[in-house]
Structures are given as structure tokens and as C-alpha cells.
Amino acid sequence: MILVTVGTQLPFDRLVKAVDTFANDLTRPVLAQIGKGTYTPQNMKWIKNIEPADFDSVFRDATVIVSHAGIGTVLTAKRFGKPIILVPRQASLGEHRNDHQLATVGQLAGRPGIYVAHTDEDLKNYLLDDLDSPSHEDPSEVGRTSLVTYLKGYLAAV
Amino acid sequence: MTEKKLKVLAASSGGGHWEQLMAMRSAFEGCDIVFATTIPGLLAKYDIRDGLVLPDCSRDSITMSIRCFFSAFAIVIKHKPDVVISTGAAPGLFCLLAGKLTGKRTIWIDSVANVEKLSLSGKLAGRIASLWLTQWQHLSRPDGPHYAGAVL
Chain A
1 MILVTVGTQL PFDRLVKAVD TFANDLTRPV LAQIGKGTYT PQNMKWIKNI
51 EPADFDSVFR DATVIVSHAG IGTVLTAKRF GKPIILVPRQ ASLGEHRNDH
101 QLATVGQLAG RPGIYVAHTD EDLKNYLLDD LDSPSHEDPS EVGRTSLVTY
151 LKGYLAAV
Chain B
159 MTEKKLKVLA ASSGGGHWEQ LMAMRSAFEG CDIVFATTIP GLLAKYDIRD
209 GLVLPDCSRD SITMSIRCFF SAFAIVIKHK PDVVISTGAA PGLFCLLAGK
259 LTGKRTIWID SVANVEKLSL SGKLAGRIAS LWLTQWQHLS RPDGPHYAGA
309 VL
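For the protein sequence lines, the chains are A and B, in the order given. Positions 1 to 158 (our numbering) are the ones given, in order, by the first sequence. Positions 159 to 310 (our numbering) are the ones given, in order, by the second sequence.
With the rest of the complex left out, here is chain A (with noise of 0.2 Å):
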């Protein structure tokens, strides 16, 4: 399954309706999140909001994972191993108020099972791709691990 997810602060509905436009050409079903978004999708199965209770299940069963740039996503794509597609939100289409989210993709972008559309034909292809998920060599678990250290030593020393 696919699951396409917007947050729940902000809609997006640029995003959800490209994946509409193509989800019949797809080979997987899709389930999208919409949030606070206005468009109906026609061609895929939808929720308002997926209850946080409910969330790790539903990550469990995606095989993939579109998003927006939403740290808190990628966090969780990353935490249950699945690739996930990052659309970043922009500030130019009244999709955020500052463009942070195409700064944030530009630092992520090819990190392992991080893949950014920029476009709908980019998403369209990924979706058709098998994408490789995140490895246990991530080398953002180094930079973690550091974080977590850090902290701790502070905190014994306070």
C-alpha cells in the first residue's frame, strides 16, 4: 500500500490531487491522509486524519511513504524502514509560509530511502519505481548517536 500523508497543521491539496490524477495507473492501492485539505480524491482511498493510535499500523502495512517535507515523517519513515517520497510545501503556491521545507529537502535529498519529487511526473515515476527503504548503515545514525551522548554526558555532569 501506498500512503500519502500531509500533516495535520497545514492541507495540501497540490499533492493529493497529483497523486489522484494518477492513482488508477498505479500497481499498489493507495490510502492518503488529507488533513485539513479540501479537494475529494476519486480515485484512492482517504482519511481525514489517521488517530495517533492508529498511525504505526497504517506505517506498518505502507511499502512506501509520500509526504511532505515534514521532519516528523521522515523521522517515522525512517524509524519502520520504509522509502519515502518527500513533495516539499511552497511558500510561492500559499502552501506554508516560508519556503523551510525546500531548504530541508535540499539537505536530504539522497540520503538512503529519501527520494524528493519536485515534480508530479518525478512522483509518478518513483511510485512506479521499486525504491530501496532506508539501510541499517544510515549514516544519520552516527549523527544520532552523537546527539544522544552529548546529552547524556551534559546531563551527569549537571
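Possibly wrong hints are sitting among the right ones.
[As the list claims (entries may be wrong)] If you want the footprint, here are the derived chain B segments under chain A, 3+ residues with CB under 8 Å: (1) 186-199; (2) 261-270; (3) 302-308.
[Unchecked claim] The calculated lysine to aspartate or glutamate pairs, modelled on DMTMM-like cross-linking and capped at a C-alpha distance of 20 Å, are: (4) K162/B <-> D205/B; (5) K275/B <-> E51/A; (6) K203/B <-> D138/A.
No lab work stands behind these hints, which were simulated from the structure alone. Bear in mind that the values here come from a model prediction, so they are computed numbers and not experimental data. We put the beta carbon where it would ideally sit given N, CA and C, even for glycine.
Starting from the known structure of chain A, arrange chain B on it as the hints suggest.
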């Protein structure tokens, strides 16, 4: 006699800020830890009992911000943490401020989402944090924020 455990209040908004806090959760092993967030369901999702709920707020609503600040202050007074730590955003900053005003140690870890510059909360946090961190090496400065790693 056993030594008293360090008491830590770890607070953040829901969504990405919370996932980041959870990604560094093992840093609090051995501490007496109290978590606070703005979405009640997130506590259950991570099997956290006795977690606290903060009213959500942002720079867009002054009323909610005032409510959130008093709530943060009440939490710090009641739970008496030795250290207050946050990954953001505004509700976490208010917890830090309450910690600072009551003489606690304070730690701010700016969100990994802030790639080009610190968030507004992150910049303000620099004035009140005992330890002020960014998760991007290129945003670190000699006087802070410092870089010590990143959750992503």
C-alpha cells in the same frame, strides 16, 4: 542511601518536534523524566504514563500563548525539574522560560527542519538556554548555538 535522580522535564509540540524528542529519548535513561506535549494521543503512542499536556500555541495567537505560558509555568512549579529540555517550538520555549525564571538548567535543541537559519523560537531560546544546540554544523557559531549531532 540512594542518590536522588536528576529530574528532567522534556517538552515539545506535537508532530516533528515530538518525533525528534523521542529520537533522543535514550539520553534521559537514568533520569526521573517527565514528558509534556500538545497532543494527548502522542503520549500513549510512545507508552508514556504520567505525561503532561500543554495547550498548543503559536506566534499567531496571543491569548493561546498567554495560556500556554501560564500552563508551562505551573508545570515547572509543580514538578520542580532540575533541567528543562525542549526541541521546540513555542510551548517548549515557554517551558524553558519558566525554567530560567525559577533558576533551572535549560537545554534547547533547535529543530532539524531549520536548515538555513534557526527558528524564531530557536533564536529567542539562545538568550535563556544553558545549553543551546543546532542540529546542523553549518548553523553553529562559536558563541552558540553549538552542534553536537542530529537526529537525522
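Okay, the hints, checked on the actual structure:
Counting residues of the segment 186-199 of chain B whose CB lies closer than 8 Å to any CB of chain A gives 5, which reaches the minimum of 3, so the coverage claim holds. Counting residues of the segment 261-270 of chain B whose CB lies closer than 8 Å to any CB of chain A gives 5, which reaches the minimum of 3, so the coverage claim holds. For the segment 302-308 of chain B, the stated coverage by chain A is satisfied: 3 residues place a CB nearer than 8 Å to a CB of that chain, which reaches the threshold of 3. Of the supplied pair hints, the one linking K162/B and D205/B is violated, its CA atoms being roughly 24 Å apart against a limit of 20 Å.
At most 20 Å may separate the alpha-carbon atoms for a hinted pair to count; K275/B and E51/A exceed this at roughly 32 Å. This hinted pair does not check out: K203/B and D138/A have alpha carbons roughly 25 Å apart, beyond 20 Å.
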